[in-house]
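The chain contents come next:
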Amino acid sequence: MSTLFEQLGGEGAVDAAVDIFYRKVLQDDRIKDFFTDVDMDEQINKQKAFLTFAFGGPNKYSGLNMKDAHARLVDKGMNDSHVDVVIELLGGTLKELGVGDNLIGEVAAIAESVRGQVLGKEG
Amino acid sequence: MGTITFEGKEFVSKEGETVLDCLLRLGVSVTNSCKSGVCHSCILKTTSEIEGKSQKGLSDSKKKAGLFLSCQQQVADRMEVFSPDANTLFIDAIIVDQKRVSDSVVVVKVRPLQDFSFTAGQFINIVRGDGHCRSYSIAGRTGDSELELHIRKVPNGILSNWFYDEQLINEKIKISEANGECSLTTEMKGKNLLLIGVGTGLAPLYGVVQDALESSIVEKINLIHGSFTFDGLYYCERLKELEQKNHSFDYYPLFLKGDEREGFIKGDIVEFVKKFNFEASNTIVMICGDPVIVKSLKQTIFLAGVPSRSILSDPFVSKY
Ligand SMILES: Cc1cc2nc3c(=O)[nH]c(=O)nc-3n(C[C@H](O)[C@H](O)[C@H](O)COP(=O)(O)OP(=O)(O)OC[C@H]3O[C@@H](n4cnc5c(N)ncnc54)[C@H](O)[C@@H]3O)c2cc1C
Ligand code: HEM
Ligand code: FES
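Chain order of the listed sequences is U and Y. First residue of the first sequence: 1, per my numbering; consecutive thereafter. First residue of the second sequence: 1001, per my numbering; consecutive thereafter.
Calculated directly from the structure, the hints in this document are not laboratory data. Treat each hint with caution, since some may be false.
What the hints assert, rightly or not - Mimicking DSS-like on lysine-lysine, the simulated pairs with C-alpha atoms at most 30 angstroms apart in a straight line are:
| no. | chain 1 | residue 1 | chain 2 | residue 2 |
| --- | --- | --- | --- | --- |
| 1 | Y | LYS1153 | Y | LYS1174 |
| 2 | Y | LYS1014 | U | LYS67 |
| 3 | U | LYS48 | Y | LYS1319 |
Let the hints inform the model, and build the full structure from the sequences given.
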């Protein structure tokens, strides 16, 4: 059995998804303010880390890192509704790339699994 | 906290301090300019382990030799640091020409006195006799033997005022090798180019335009030059001439403040770019100049549908 990451197309899929996803994020009034002040090149690298993680790829991010990475955003008011939006846009991105609902569900579940850490509620 | 051993002496850093800041604070003179990982003027050498980002953009041979950007490296527990062989990083050069082309921009020509190569669009670091170092983009064609620079005088700026105000012909300086993102590559064959320069951000793009027209590697070339005032649109005459001679080249000079002028666009450059009509999926975009405007132009261009890897930029960051 190949992994989820391989089924999605590995690093190539991350590269294809990153621009689509980031464009959606920058245009979504519900969450764009969290993203606009960071330089684009830096942001693209972080989006890649996010997508690689959500695709079940080789991940360099432990729960603690996930918490630290978002602490500043939680201070700025990030909550459950914003996580919902991110997961929604992630699904929309994969749909555009022709990924089936099954795999989209698996990706959403991975993102869902760190909701608590992202929001700083769990260690 | 950590300790640097540098030229036989020990230097103790403060929490989170970079190698560059630590050495500067303790009185060591280290060449530096942007303090943001862009210019490469602060290169030092180490045998200790370092972070990936402090070697970002360095060639493989430099990485292997242990060279790193001292402004990007936090002091680790114990670090052994050396000055690199300065002769390999900087060469002698001489100023051979100097012309003021507007009330704030001076065009300077520099002749390297040793082997030097560059590609149009790249920048060099210039070190004045007293050690002050700043980056300037080369405004010439690949292979030019004299390097043309466009320098804008900024209020109280140390080097830019020197270049503008003093008589500098025959003045000796040091220059670094050339670096930067905004150059033509063979991968751009058959694509269109959209070049956006703010102020002296025109300099690297002027070189790229000349290379592009000569090599005809790309199809269509659009150049947007934005300035605060009309007077800042230096070179508009020669660019209009170039536009007339070449069907594939269009030039859009734009200024923000002052009376309307025939043949020039009055308005905000970001708004102009938002409405600009071009083929997003097949265009390479290069953006140079003031860092704040470059950042917002990059997002605008990206949202217009240009793939992120087709957006190249050299923001003119300064450490202040
Ligand atoms: C990759 C790169 C390429 C560059 N290419 C060019 C180029 O081709 N042409 C060019 O003119 N410059 C270019 N620059 C900018 C240049 O390196 C210097 O930062 C600039 O000339 C100011 O240096 P200075 O010594 O005069 O001012 P500094 O002594 O460094 O600064 C003194 C004062 O000037 C202010 N200041 C600095 N920059 C600005 C600014 N842009 N506007 C208003 N105030 C400012 C500072 O706040 C400070 O108060 C480039 C920078 C980089 C990183
Ligand atoms: C749903 C689960 C989420 C996961 C798995 C996730 C994952 C990540 C990862 C891996 C990084 C890179 C960290 C780094 O390299 O520093 C990151 C950064 C970031 N994330 Fe998330 N993220 C999630 C939700 C969100 C939400 C809901 C928002 C805001 C609406 C958000 C906004 C950001 C921002 C702005 C950054 C950059 C932070 C900075 O530069 O300071 N993320 N995320
Ligand atoms: S890269 Fe370190 S000072 Fe510019």
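Going through the hints against the structure:
1. Y:LYS1153 to Y:LYS1174: holds, 20 angstroms
2. Y:LYS1014 to U:LYS67: Since the Cα atoms of LYS1014 (chain Y) and LYS67 (chain U) sit roughly 26 angstroms apart, the hinted pair holds (cutoff 30 angstroms).
3. U:LYS48 to Y:LYS1319: Answer holds: LYS48 (chain U) to LYS1319 (chain Y) is near 29 angstroms, not above 30 angstroms.
In summary, the structure agrees with every hint in the numbered list given earlier.
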